[in-house]
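**Student:** Spelled out from the first residue to the last, the chains are:
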Amino acid sequence: MDSKGLTGSPLAITGTFLDEISHDIPSANWGCEDWAKDFAAMRQDGIDTVILIRAGYRDRATFPSKVLAKLHPTLIVDEDLVALFLGLAEQEGMTFFLGTYDSGDYWLQGNYQAEIDLNLAFADEVWERYGSSPAFGGWYISHEINTFDLGMMQVYEQLSQHLRCLKPLPILISPYIRGRKQFAQAISLEEHEREWDQVFARLQGKVDCVAFQDGQIDFAELPDYLAVNAALAQRYGIACWSNIESFDRDVHIKFPPIAWPKLRFKLEAAQAAGVDKLITFEYSHFLSPNSIYPAAHNLNRRYRNWVKSLSLQGSNDDPNNSDNG
Amino acid sequence: MDSKGLTGSPLAITGTFLDEISHDIPSANWGCEDWAKDFAAMRQDGIDTVILIRAGYRDRATFPSKVLAKLHPTLIVDEDLVALFLGLAEQEGMTFFLGTYDSGDYWLQGNYQAEIDLNLAFADEVWERYGSSPAFGGWYISHEINTFDLGMMQVYEQLSQHLRCLKPLPILISPYIRGRKQFAQAISLEEHEREWDQVFARLQGKVDCVAFQDGQIDFAELPDYLAVNAALAQRYGIACWSNIESFDRDVHIKFPPIAWPKLRFKLEAAQAAGVDKLITFEYSHFLSPNSIYPAAHNLNRRYRNWVKSLSLQGSNDDPNNSDNG
Amino acid sequence: MDSKGLTGSPLAITGTFLDEISHDIPSANWGCEDWAKDFAAMRQDGIDTVILIRAGYRDRATFPSKVLAKLHPTLIVDEDLVALFLGLAEQEGMTFFLGTYDSGDYWLQGNYQAEIDLNLAFADEVWERYGSSPAFGGWYISHEINTFDLGMMQVYEQLSQHLRCLKPLPILISPYIRGRKQFAQAISLEEHEREWDQVFARLQGKVDCVAFQDGQIDFAELPDYLAVNAALAQRYGIACWSNIESFDRDVHIKFPPIAWPKLRFKLEAAQAAGVDKLITFEYSHFLSPNSIYPAAHNLNRRYRNWVKSLSLQGSNDDPNNSDNG
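Residue numbers (UniProt numbering), protein chains in the order written: chain E, 1 to 325; chain R, 1 to 325; chain A, 1 to 325.
Calculated from the structure, these hints are not laboratory results.
Each hint should be verified, as a subset may be incorrect.
Restricting the straight-line Cα-Cα distance to at most 30 Å, the calculated cross-link-like pairs of lysine-lysine (DSBU-like) are [what the hints assert, rightly or not]: (1) K37/E x K37/R; (2) K37/E x K308/R; (3) K70/A x K37/R.
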């Protein structure tokens with residue numbers, strides 16, 4: 001996978017989640033034309049990878065799934081978002097990752113097998129409906145963990161095995177750090193390293209890319225966590241992406257677009273750690289010129305200017321300096 | 001009352017609250033021209049009924065009320081919103097319901113008689129100022145309950161009796177369900193039915209329309225609650241409306257416009273239950289093309305398309321099928 | 001200092017905070033052009049004083065400070081906002097007050113001397129970089145208190161003494177009232193008066209202007225608090241400004257633009273109390289035609305209309321009536 005983003009530019013954000021079905025972010029209520037417009041903006045901003053955050057969540061679905069309708073007779077579904085996103089991704093030359101179903105229930109209650117069984121049937125249905133789409137290029141296992149969890153290892157393993165049987169596509173996960181901004185009992189860097197050494201040892205060969213969320217810890221801690229994550233991932237042959245959160249965790253409102261100096265800090269920290277690719281949660285709400293939040297339009301302008309200024313800077317550098325190219 | 005909304009269209013939203021004075025929703029800070037523009041949009045979207053949520057709340061008033069000024073010497077009031085809304089309703093051919101004063105105090109402390117006495121004087125003042133307006137077509141008793149409450153029965157009864165003496169106009173209430181999304185100790189469907197059987201037995205003949213709020217319960221529970229509400233209301237000769245909440249209760253921000261698939265689900269559930277009329281809380285913030293929330297502009301587009309597609313569909317149906325007409 | 005705002009107009013808002021670095025308000029992500037546009041709007045609205053709320057906060061800085069970089073090697077800083085704001089203030093003929101650094105740490109832990117020492121060095125750095133700017137016209141000590149606090153008196157005294165040595169410019173503070181809207185254990189008016197009598201006795205001659213925040217108490221209490229504040233400030237020779245909060249503290253969202261009737265109420269209450277100048281927290285988010293919040297655009301229109309109507313009214317009054325001029 002191309003890990004360096006825009007040709008001739010520095011490491012820019014080249015992937016984004018598509019936050020449908022949203023867990024806790026207000027809906028923009030976009031229809032087909034709105035999404036088409038935003039995919040075009042994404043491409044302009046160098047996005048080559050889009051990741052559907054979850055194809056279903058509780059009683060909500062991104063397409064009229066027969067598997068989910070059995071579980072939820074009152075399934076809430078409108079248009080077929082998977083078909084829409086696959087079509088737009090193909091049109092814009094992007095790779096589409098599909099996020100698995102999240103029951104919001106079984107795995108949180110410790111009933112891992114129910115979560116697995118449901119997802120195996122759901123993956124089959126997805127693959128039958130959309131597997132032939134040329135843009136379908138990866139799976140995203142949407143269940144998030146922050147430390148080693150035996151039951152969740154089984155979820156990842158069985159899902160990974162089954163998904164690889166459908167087609168051996170890259171499998172992505174996006175864990176979070178048990179950091180101070182979200183948890184009263186925060187983890188230490190050493191605990192984090194120990195836990196994830198254990199996780200990666202177990203998931204080696206089963207997961208291809210890991211994109212840690214970068215917003216739960218203090219900015220001052222970020223460089224160290226990024227370095228540990230990159231080193232661990234490399235040790236186990238997993239590509240290390242960074243999930244550059246483009247929303248702000250430091251204010252009352254949950255959540256507005258992030259302040260540009262913070263985003264820039266995190267972009268540069270990820271570059272410094274030598275991660276393989278930058279993705280974001282997520283473009284359409286927080287970083288898009290089409291966002292429902294005006295502050296995101298401004299963030300997009302400032303981000304674009306930054307990318308442009310670094311590209312110009314890069315083009316004046318030693319052409320052999322591949323770090324800038 | 002015409003219960004079927006737009007002629008030739010399916011059961012669409014034909015009523016909305018006007019959220020002035022707002023209890024907990026940010027103000028749009030609209031002046032006369034803004035409201036005029038929004039009433040025009042409402043009419044385009046088939047709204048025939050506007051309900052002022054409350055003509056006064058604590059120390060805030062929608063007109064310079066002498067009655068309220070006695071209670072609150074520092075009364076907060078700017079322009080005369082009741083006159084403004086009545087004029088616009090008349091201009092757009094809508095029926096205006098006036099919401100009673102909510103002290104935010106007496107009735108919550110169990111001092112029901114103080115709440116009643118204040119409102120009797122307030123209603124007299126309202127009627128003297130605005131009773132001659134041709135658009136003045138109903139009363140909304142703004143005090144909300146979720147179960148039987150003896151003191152509140154007295155509030156409803158005495159207010160109803162007094163308001164009917166001023167002029168026998170329809171009287172509306174909009175209760176809420178003690179549902180899981182708002183209450184740790186949620187009610188069961190059976191308890192809900194028992195409680196409201198008791199309430200309606202008491203309010204029969206005193207209240208004309210009941211519009212339960214539809215957002216406190218899980219989507220999967222909604223069809224059952226709607227069916228119970230419709231059956232109960234019918235038993236006691238009360239018109240059953242549904243208050244289709246157009247804001248989202250599932251996200252951190254309290255509150256943004258609701259996700260369209262959820263709104264559509266609730267619209268269809270209310271149709272299936274055969275309720276008499278759909279109203280919403282509320283158009284101007286959450287469903288209007290003029291809203292301060294861009295996501296509401298998008299919601300309006302999608303809602304309009306849905307109404308249009310159903311109208312087209314309906315016009316191809318058997319013209320004798322009155323359910324679609 | 002001219003205390004009456006726009007010539008020929010009533011007491012209007014003539015000062016605003018610049019909320020960079022923001023403590024808890026989402027960033028608008030404005031760049032230079034956006035700020036230039038907003039300063040032009042401020043001038044149109046009669047703003048003659050801009051107050052940088054804090055030049056640094058925790059690990060975030062408004063310019064690449066060497067002093068702060070020693071404390072925070074991962075200092076988050078983008079463009080030089082102090083230079084930008086000083087340039088714009090000069091261009092628009094405004095006076096710029098610079099807010100001191102807030103560690104968000106030392107003084108809250110009772111380590112007052114660390115907060116002082118850091119700020120003395122920081123002030124020297126600021127003065128060396130920006131002291132020659134003609135717009136640099138005041139200091140704002142950004143640490144907020146609500147009652148007498150011995151340690152904080154030392155902070156104010158030592159900062160004041162040092163800042164005056166750099167140049168004897170006006171020194172502003174903006175305390176808050178321990179009011180019901182923010183504190184379960186609210187203060188009484190008498191306690192407030194006793195506490196601030198003690199504070200002002202101590203700070204007399206060390207602080208020139210005090211601008212109490214006006215949003216933590218009920219509207220009904222505001223006139224009394226304003227009167228007490230004005231009388232106390234006068235007794236100790238301190239100019240009494242009012243910090244008219246233009247955001248709403250009464251709704252779920254923290255924080256949207258305030259409802260216009262509330263803002264008008266507070267403006268008139270401050271006028272009635274005879275305060276010397278009105279400033280606001282803050283124009284750019286909550287009262288600006290350029291705000292990221294559409295409700296602020298509407299608030300600006302309504303505020304402008306009000307100022308205009310009062311000016312017209314004032315020009316018809318007795319020209320000797322200096323209260324209106």
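**Student:** Each hint: holds or not?
**Tutor:** These are the hints, each one checked on the structure:
1. Our distance criterion of 30 Å between C-alpha atoms is met by K37/E and K37/R, whose separation comes to about 28 Å.
2. With a CA separation close to 24 Å, the supplied pair K37/E and K308/R stays within the 30 Å bound.
3. Restraint check for K70/A and K37/R: the C-alpha separation of about 56 Å exceeds 30 Å, so the hint is violated.
In this structure, only the earlier hint numbered 3 is contradicted, and the remaining ones agree with it.
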